[in-house]
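Asks: Here are the chains, one letter per residue:
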Amino acid sequence: MMVVTRSIGKRLTLLLAGVAALLSVLSWSMVTGLAREATQRTQDNVLAASATTIAETLRSEQGAVRLELPYAAFAMLGAISQDRVFYRVTADDETLTGYEDMPPPVPGRQGQVMFDTANYRDAPIRMASISRLVLAGDGPVLVTVTVGQTRDGVGAIAAELSQLAAIFSVAFFLVAVALSAFVAQTSLRPLNEIAAAVSRRGPSDLRPLYREAPADLAPLLNALNRLMDRLQQSIRRSEDFIAEAAHRIRTPLATVRAQAEIALRTVSGEPEKDRLRRIIRAVDESSRSAGQLLDHATVAYRTEDLARDRLDLADLVAQTVAAMEPTAAMRDIHLQVDGVPTPISGDAVLLESAIRNVLDNAIKYAPEDTTVTLGITHAAGAARLTITDQGPGLGDEPVDDLIERFKRGKNTESIVGSGLGLTIAADVLRAHGGRLDLATATNGSGGACVSLVLPLV
Amino acid sequence: MRILGLAIGLIIWSVTAASPLEIEDQRVFPGTSARVLRIISTTDLAVFEPYIRAFQNDHPELSIDYTVVSSSTLHGAIRAGAQFDLAMSSAMDLQFQLANDGYARRYRSGATETLPDWARWRDLIFAFTTEPAVVVINSAFFADLDLPFTRQELIAILRDNPERFGGALGTYDVRESGLGFLFATQEDRSSDAYWRLNEVMGRLGPKLYCCSSLMIEDVASGRLALAYNVLGSYATTRLEQDQSGRMQILQMQDFTNVMLRTVLIPATAKETDAAGAMIDMLVRLGLRDVAGDWPLPSLRAAGLGETTGFGPIRLGPALMVYLDPLNRRAFVTEWENAMEQR
Ligand SMILES: Nc1ncnc2c1ncn2[C@@H]1O[C@H](COP(=O)(O)OP(=O)(O)OP(=O)(O)O)[C@@H](O)[C@H]1O
Ligand SMILES: [Mg+2]
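If you're matching them up, the sequences are chains F and Z in order. Quick note: the first sequence uses our numbering, first residue 1, plus one each step. Quick note: the second sequence uses our numbering, first residue 458, plus one each step.
Worth flagging that the hints you see were computed from the coordinates, not collected in a lab. Beta carbons are placed, not taken as given, at the ideal position from N, Cα and C, and that holds for glycine. Check the hints yourself; a few may be wrong.
Unchecked claim - Chain F side only, calculated, beta carbon under 7 Å to chain Z, not exhaustive:
| # | residue |
| --- | --- |
| 1 | 68 |
| 2 | 74 |
| 3 | 173 |
What the hints assert, rightly or not - Not the full set, but computed from the structure, chain Z residues with beta-carbon under 7 Å of chain F:
| # | residue |
| --- | --- |
| 4 | 578 |
| 5 | 632 |
| 6 | 773 |
| 7 | 775 |
| 8 | 778 |
Excised from the complex, chain F in its bound form (with noise of 0.2 Å):
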């Protein structure tokens, strides 16, 4: 038994798939980041400019620091956003102007601008602080300006920004998923090409596949090949040796019954007679038996390579029914054709071989001085060769069992037969894309009526 686990379609879709979303997840979060960061960046720049231009009006006047607020400075923090904004000028640690309670700035160089984030008046802030010596009265005075500004513009900028990125990312995922999937199906596609061929073979067509695929598929290909290779071989060696066996039988049991009979004729007692007969009877079967192992190996060993030669359906029924004639005018039983030209395509053997155990189980089973008819119709692309006898019928079996191996009806008590004629046609037909119908007559005579189907030409 197979154990089915996933696809490897389906694998491969979700593996891809995954590294999309992957990749998705990756890509949206950093452009996330590099959308806070670079509106971060410009918010710091305004700021340090706002800071900056504060700083330059720094100046000492009368011993005292003096500075004043430049328009500009706050007129360009207004620009960007829509942002509150704090301020607060220290000297020394004395609050010059401003915000007094402003978060102290981070100490830096003189000149150069420190920036940093903070929560101010119940909302997150961010500040540029620049420092800068003033001389004033009693020496050198440091100077600090800090701006602040709430960063609720930067925020709404990065988050549209993010938002849109990940509306992108989305967007990506889904295409990447189609892609994915497309991709899995048509890498696989030469698999499945594969396996449609191997399954739309006959089943005993074990010719290697010969075929373009992929060289990762060759393997695979050349492994199957050659197991059907060991298997055809395989077949063919028992096919062989049934055949062999079937043949060394024969031989012997023909001497067998010739001694046999020679053995009936000679002896007087009924007893003796009887067992005679019966051992006769016997070999009968047995050589049967063995001659029809024989056809059905002669089936199996030609249909795999099997010739398709033009062949005329009548001719070969006419050719048939002459080699039948004999045993049919034993038994009384009139063979009655009626046949037109039928062009098929076929191995002769094999097909008369086939006719030949349908005609002879109509022969057989009907009773003496009656009547087998063959007929040949044409139908929807179809030839029909139906033998119809005026016998007993198949019985109330399902019919379709009588063609397994060996499987013989009830009404056989006294009649020789192996079991394997229905078998034979059975295989040889399929063997030429045909089937073998079996059914009862609908003439009323209750005998069977045996159709063997083959395409036409």
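Put chain Z with the ligands on the given structure of chain F with help from the hints.
Replies: Just chain Z with the ligands now, with coordinates in the frame of chain F:
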């Protein structure tokens, strides 16, 4: 933090020299329920009354307690945590600072969404009028003179006729009036003629005022020849009632300041829904297309399309520049030097 807020409040008080809530006018418009919408405003009661009536038409259950104060008093009161549901002021800079410093409450509605970007800031502060600063003159003084339409011309006329205009000029006292300070600082920024004009006016001994209405009154009565930087909306209203026929409004062509009257919901508000409804009504009126007989002009009136071509003063952090104590002190000193030469 609280101590600091107090400190800032103290600074503001010392600057404005105002005791808590120096009320100019107050009135309660009773409604049918106990709910009271408390409005603190710089807009004169007479001017705003029609709006209150219109609002109560739609919300008869609400009582409205309307308090008129100066813009700096309003600013100081809200900073000190006084409980009001709505703060309305003509001093954009002070209003902006309240919003920036976290004294305003966010509000968003279908009406506020329709406001153009320049008329709102962070859903905290909303403009509903555009009001230009104008010059009001008494034409008796200008009988034989060409009317000035730019500051240059005004400077020339004043300089050439010192005996006629001596003591007959009026303008805001920027130390007292928040709106006056806003107009002055914006003019300082936008027009280089401003300080020369101040110099000339200073030599003529100008009268300094707290409010537009008093200035306009004095022009109408002939006590003043000219009032500089007066609220156009008030002047127009007063002009309609003027019988002397000698009052005239001049709009400077070289540059005109356009102020936005703004409203915000203080963080201390209790009746926020009612306050929001009032904002919606004001915003809708601000965006009206036909002038109607409302006392205050709409946002469209002076904002765009008119001959001035000057946009309104921008609602943005730059407004806080002149509020900085150092800057303010420097500006006021310079202003005093120009204005008080005698
Ligand atoms: N024309 C027929 N009329 C009645 N029964 C038939 C007829 N043809 C076949 N059968 C039944 O089908 C069975 C199978 O037939 P099949 O030809 O395969 O075997 P067989 O005739 O018994 O043996 P063999 O033909 O190999 O010597 C027969 O045993 C018989 O019972
Ligand atoms: Mg048979």
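Asks: Quick check on residue 74 of chain F please, does its C-beta sit within 7 Å of some C-beta on chain Z?
Replies: Result: holds, 4 Å to nearest chain Z Cβ.
Asks: Close enough to count: is the Cβ of residue 173 of chain F nearer than 7 Å to one in chain Z?
Replies: With a minimum Cβ separation of about 35 Å from chain Z (threshold 7 Å), the hint on residue 173 of chain F is violated.
Asks: Given residue 775 of chain Z as an interface hint, is its Cβ closer than 7 Å to any Cβ of chain F?
Replies: With a minimum Cβ separation of about 4 Å from chain F (threshold 7 Å), the hint on residue 775 of chain Z holds.
Asks: Against chain F, run the beta carbon of residue 578 of chain Z and see if the smallest gap drops under 7 Å.
Replies: Residue 578 of chain Z check passes; min Cβ-Cβ to chain F is 6 Å, inside 7 Å.
Asks: Would the hint on residue 773 of chain Z stand, with a C-beta cut-off of 7 Å toward chain F?
Replies: Check passed: Cβ of residue 773 of chain Z comes within 3 Å of chain F, closer than 7 Å.
Asks: Per the CB criterion, is residue 632 of chain Z less than 7 Å away from chain F?
Replies: Not OK, violated: residue 632 of chain Z not within 7 Å of chain F, min 18 Å.
Asks: At a threshold of 7 Å, is the proposed contact between residue 778 of chain Z and chain F supported by beta-carbon distances?
Replies: holds, 5 Å
Asks: Is the hint on residue 68 of chain F kept, meaning its closest Cβ partner in chain Z is under 7 Å away?
Replies: With a closest approach of 5 Å, the residue 68 of chain F hint holds.
Hints 3, 5 from the earlier list are contradicted by this structure; the remaining hints agree with it.
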